[in-house]
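Okay, here's what each chain looks like letter by letter:
Number of protein chains: 2
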Amino acid sequence: MTYHTFTESKLREFTKSIFKKMGCSAEHAELATDVLIKSDLRGIDSHGVARLTGYVRLWEKGRINAQPDIKIVHETPTTATIDGGAGLGLVVAPFAMKVAIEKAEKYGSGWVSVRNSNHFGIAAYHTMMAVEKDMIGFAMTNASPLVAPTFANERLLGTNPMCYAFPAGKYPPVIVDMATSAAANGKLEIAQRMGKPVPDGWIQNSEGQPSTDPHELKKGGSLLPLGSDREHGSHKGFGLSATVDILSAVLSGANYGPWVPPFVAFMEPSANPVGLGIGHFLGAMRVDGFRPLDEFKSHLDNWVDRFSSAKQISADQKVIIPGQPEFLAEKERSAFGIPLIDEVCKDLNEVAMKLGIEPLI
Amino acid sequence: MTYHTFTESKLREFTKSIFKKMGCSAEHAELATDVLIKSDLRGIDSHGVARLTGYVRLWEKGRINAQPDIKIVHETPTTATIDGGAGLGLVVAPFAMKVAIEKAEKYGSGWVSVRNSNHFGIAAYHTMMAVEKDMIGFAMTNASPLVAPTFANERLLGTNPMCYAFPAGKYPPVIVDMATSAAANGKLEIAQRMGKPVPDGWIQNSEGQPSTDPHELKKGGSLLPLGSDREHGSHKGFGLSATVDILSAVLSGANYGPWVPPFVAFMEPSANPVGLGIGHFLGAMRVDGFRPLDEFKSHLDNWVDRFSSAKQISADQKVIIPGQPEFLAEKERSAFGIPLIDEVCKDLNEVAMKLGIEPLI
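If you're matching them up, the sequences are chains L and H in order. The numbering of the first sequence is our numbering, which starts it at 12 and goes up by one. The numbering of the second sequence is our numbering, which starts it at 12 and goes up by one.
Accuracy of the hints is not assured; some may be wrong.
Each pair may be met inside one copy or between any two copies, as identical chains are not told apart.
Here are the simulated DSS-like cross-link-like pairs (lysine-lysine), alpha carbons at most 27 Å apart as the crow flies [stated by the list, open to error]:
#1 Lys207 x Lys229
#2 Lys198 x Lys308
#3 Lys308 x Lys82
#4 Lys357 x Lys229
#5 Lys117 x Lys82
#6 Lys21 x Lys229
#7 Lys109 x Lys342
Quick caveat, the hints were computed from the structure, so don't treat them as lab data.
Generate coordinates for the entire structure from the input sequences, incorporating the hints supplied.
As structure tokens, this is what we get:
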């Protein structure tokens, strides 16, 4: 594979100009760009500018509204449902998180379920908005069906990620950001490009039998829930994924389960939707709603210290504190640039040409 | 194995009299009994009256206070920290959930972190309190260290369960209640009693290497997080467990990680605790804080219908809707009695004799 490395500012300018060409306001283009670039900076290549052309194709098909009317449709002092107006999840989710944070500022906590949205990028972006305010952040989203529940031979759930973020003192925030499937779809795509088999327990074939062929999904196979099989707790991965689906969509009025619209423009959404767009669930809780902030932070630092110094099985593998690898990637890529694979660059250049924008390379 | 079957009322009377002998108030004895019996009724034998003698032994050692001063030590309109006064988690957690529900009634949601508590029984008991009020219930607790983080050869986390419960319409509530380890400790105990090996991926030995020996934990081994190994996402199980630990203990001022006091009386708690007792985290959100209740319930019924009718891999295995097996067990055991293994009956009889109570059989 060939990589090209770009400065953060170059990628930002390019991305912003694409969003503007789609008709996004300057403010929305800036925000959507920030979500994507943060993902690349943090080393989550599958959710960064590599997805930009996908958003453009959905917009071309009229499935993303670049000028959405995002509004609160139902609320109490600490809960709300937001209709994203079919906008980019990249702008709808930060809007929702702002509402959650405002409620938390007044009442201690705030919780927002979102309908009529689209892919919201990395969940960690949204939870970090809460962490910056010394709050605990929660973010979840449902997603296009790729995962089969335990015992099923049908794709009924997305990789439905959950994210929890906690502000620490001397350390970077502890951020758990994880798909509820055994493997994220991005890992499968890497194996596809490399032509390598995947481990047992990631996928099943169209007959519901174990497989290691990374192309299985195109042939009617499914991803498996975290836990992989019943004996190893796949019903738990299914339960977590169900929780995300219910909080994000059954609660907000979005589509759930197999009705969630596909992220790819070449697949059509269900002709009989049960709700509007895809759903998210976001929350914020003030740390000082529970104990003084400095006490919490110093104990979380102690937690990090203790887990970082756990006895190791192998000399070269320490316990990984959730969020630390991404924090280090951001330091490195901010300084030395963001690598994109050739395939992504070509894809971005094509879209740039079509929209009449200076190509990336 | 030999089983004896008891009526619900007989087991309730027996259990209540034990708690009263410990010095619990009539109200607390009633409540603690209800939590344990609900567990047996729902088929979660590991968390029912089988644990009663364990509570007695901790009380004998002065590690459980039968007349605790349970109080709110910090709060905002929708958040609170509760000190459980070293009481039974079986009474402390329902107290905390009541506070969460009261806050949710007024403001839409309520969240309570608890310190200085003990084992709280099944998490589902507490979330069902919220469901009865047409709210969504959340419950988590940290627990004695048995689980090693990914790459570590040290028991730093409990099986730290998470529970989410949602009220449905024509169906029983959807209740996800799961340990964040690959296998719950109860399953290991069954294998020990039967002298059978356990599947790969549940435990590691004292060298951090894979093992199938169910006695490994007594020899310095550890349980593994959900996902079992890094390739299958054990860092996700670790992340979930970490989330439970932080919300339950770092937030409340309880002990976390390796400092969590052991549930068994023959092991001493840490001489240098970082907090008070064990910690829980409970929450309630009004469904109608997001959308009209009847709409939510009818969509959740539709969700259950769709997942129940998923294409099956095998004719005899349907997709299991979280909470349904426990609901059916409760119907059956309420009608036909609760089976206890001989070993548990003997243990209960011994304690009864010691406390001067009529034996169970």
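- Message: Are any of the numbered hints broken by this structure? If so, which, sorted upward?
- Response: 2 and 6
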